[in-house]
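*Asks:* Given next are the chains, with one letter for each unit.
Protein chains: 2
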Amino acid sequence: MDDSRVTVLRYGHRPGRDDRMTTHVGLTARALGADRVVFPDNAGQAADTVRGVTDRFGGPFEVELRDDQRAFTRDWEGPVVHLTMYGERVQDVEREVREAHAEGPLLVVVGGEKVPFDFYEHADFNVGVTNQPHSEVAGLAVFLDRLFEGRELEREWADAERRVVPQETGKRVVDPDDADGGAE
Amino acid sequence: MDDSRVTVLRYGHRPGRDDRMTTHVGLTARALGADRVVFPDNAGQAADTVRGVTDRFGGPFEVELRDDQRAFTRDWEGPVVHLTMYGERVQDVEREVREAHAEGPLLVVVGGEKVPFDFYEHADFNVGVTNQPHSEVAGLAVFLDRLFEGRELEREWADAERRVVPQETGKRVVDPDDADGGAE
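Protein chains in written order, with the UniProt record's numbering: chain A, 1 to 184; chain B, 1 to 184.
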């Protein structure tokens with residue numbers, strides 16, 4: 001894609017309880033066009049899962065563990081979006097976000113339930129995918145699909161060991177290096 | 001909305017392990033324009049959470065527990081979509097799904113990891129929101145946003161006890177019955 005880079009930052013993680021949600025944030029970021037996810041440093045298990053998927057299904061996609069989410073966000077050189085049900089409506093601000101993104105790499109902050117107020121203040125855009133309580137994974141997905149206007153769905157993957165071939169019914173998985181795509 | 005009805009059916013639920021994912025499927029269905037979610041009958045805790053959100057933030061939205069997911073899908077009178085990473089690309093089939101939906105109520109099946117093959121066969125459309133492994137919640141969100149072409153974001157809610165007012169920064173929640181919207 002031509003889009004300048006997008007990093008998704010997950011704020012907050014409770015090992016055990018949040019493993020699947022954090023994993024899904026990472027896998028959604030990868031599948032829907034982001035280049036990198038930053039997890040809290042106690043989310044090693046989620047990071048391993050996302051890296052494993054990248055190894056099998058391709059990249060490039062980076063997974064990083066950090067303990068400085070606040071400073072990382074504050075020091076980000078480019079626009080910062082914070083996804084929150086309290087924010088401005090995505091349909092009202094998505095064009096402005098896209099224009100800002102054209103000027104520099106975008107950071108998308110995805111919180112758990114208690115995001116400190118300084119994230120609201122450091123964000124250039126607090127954005128709500130609806131102002132209803134639902135799912136940070138759903139919000140991230142719709143936000144990225146709208147940010148890229150669907151172009152992320154056409155992405156091609158490098159260094160994949162396997163590739164799913166779309167089917168009307170059933171499952172077909174091939175080795176991308178096999179030109180004829182023999183079924184697995 | 002003018003759209004004929006959309007029901008989301010969650011196949012499979014492991015109490016404890018899947019509580020949050022199933023809850024997020026239900027909340028995403030509600031927030032992004034579906035009328036009803038059907039959970040397996042062992043997902044009572046997730047059902048309670050979604051009903052509680054509907055009580056506070058408005059409806060109408062129905063939550064149903066059933067033990068006959070297979071028969072319910074087989075006997076559905078209207079088009080059936082099964083979301084799966086093995087399916088046809090959403091960008092290729094969304095128009096056809098919309099046309100089918102115009103003719104009758106739509107059932108959207110959202111699986112866990114092991115959906116039996118008869119769901120693939122009973123579905124009129126097996127649809128992949130990317131052919132990458134990510135999140136059933138993310139897939140459902142993008143699918144609904146594309147199905148409704150964004151109209152779901154304009155939905156108004158009846159009988160809400162509270163309403164979030166979109167803000168550039170911070171949080172504002174009001175009582176919908178208070179015309180001036182005094183802060184909570």
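These are computed hints drawn from the structure, not numbers from a lab.
One or more hints might be untrue.
Copies of the same chain are indistinguishable here, so a pair counts whether it falls within one copy or spans any two.
Here are the simulated lysine to aspartate or glutamate pairs, EDC-like style, with alpha carbons at most 16 Å apart [what the hints assert, rightly or not]:
#1 Lys-114 with Asp-18
#2 Lys-171 with Glu-121
#3 Lys-171 with Glu-154
#4 Lys-114 with Asp-48
#5 Lys-114 with Glu-99
#6 Lys-171 with Asp-55
#7 Lys-114 with Glu-154
#8 Lys-171 with Asp-41
#9 Lys-171 with Glu-64
*Asks:* Looking back at the hints listed earlier, which ones does the structure fail to meet?
*Replies:* Violated hints: 3, 4, 5, 6, 7, 8, 9; rest satisfied.
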